[in-house]
Amino acid sequence: MGTVSGRVGGAIGGYDISATVENGIISGRIGGMIFGDDINLTYSMEEGFIRGRLGGRVLGKSVEGKLSQNSLSIRIGGMLDGNNLDLETDGNSVYGRCGGPAIGFDVEIDFFEGQAVGRLGGGVVGMDVKGSVTDVEPIIAGALFAITYYLYKVNHRNSGSGSSGGNQ
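Per the working numbering, the very first residue in the sequence shown carries number 81; after that it's consecutive.
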């Protein structure tokens with residue numbers, strides 16, 4: 081069984097991620113116990129797909145797209161309220177973009193000796209990634225960290241307040 085765990089953001093603002101990956105099933109949680117989303121995804125490198133749901137059946141977001149060892153292209157959410165996530169691998173790094181050229185964020189994550197370190201967003205507006213990854217392909221782990229930041233941004237945009245605190 082593989083695991084992805086860590087934090088996107090700092091101690092004050094950001095979300096935790098804790099996921100297990102086994103036999104083509106990704107399950108776990110993004111965010112905190114009260115405010116957060118369950119992860120229920122399935123994937124196959126051989127068949128080239130990843131799909132499932134983040135959150136619940138009613139309040140949640142669908143995930144669907146294409147997957148290989150070196151690339152991922154998915155849609156998170158619907159046609160009107162979602163975004164595309166496109167990632168590629170280069171050695172021990174995962175990079176790409178979520179959203180469009182104007183509204184979205186860059187993804188840059190390095191994996192080394194079971195650790196994940198990187199940045200989502202830009203140098204000024206964005207969040208750091210710090211985590212651990214065991215027996216999970218970098219493209220999958222990178223996608224999970226990027227999805228974590230995407231959900232953080234969506235949930236805080238929709239909350240109508242500028243405050244942030246802990247795992248929320």
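Rather than coming from a laboratory, the hints here were simulated on the basis of the structure.
Check before you lean on any hint, since a few could be wrong.
Estimated spans, in silico, between C-beta atoms of each pair [said to hold, decoys possible]:
(1) Gly203 <-> Gly104: 17 to 25 Å
(2) Gly128 <-> Asn172: 39 to 47 Å
(3) Met113 <-> Phe192: 28 to 36 Å
(4) Ala91 <-> Phe129: 17 to 25 Å
(5) Arg131 <-> Glu168: 32 to 40 Å
(6) Val138 <-> Glu168: 17 to 25 Å
(7) Gly158 <-> Asp118: 16 to 24 Å
(8) Gly203 <-> Glu127: 34 to 42 Å
(9) Met113 <-> Ser142: 21 to 29 Å
(10) Met113 <-> Val138: 18 to 26 Å
(11) Phe129 <-> Gly202: 24 to 32 Å
(12) Gly171 <-> Thr214: 17 to 25 Å
Quick caveat: nothing in here was measured; it's all calculated off a predicted structure.
The beta-carbon is built from N, C-alpha and C at its ideal position, and this holds for glycine as well.
*asked:* I'd like to know which numbered hints this structure contradicts. Please list them from smallest to largest.
replied: 1, 2, 4, 5, 6
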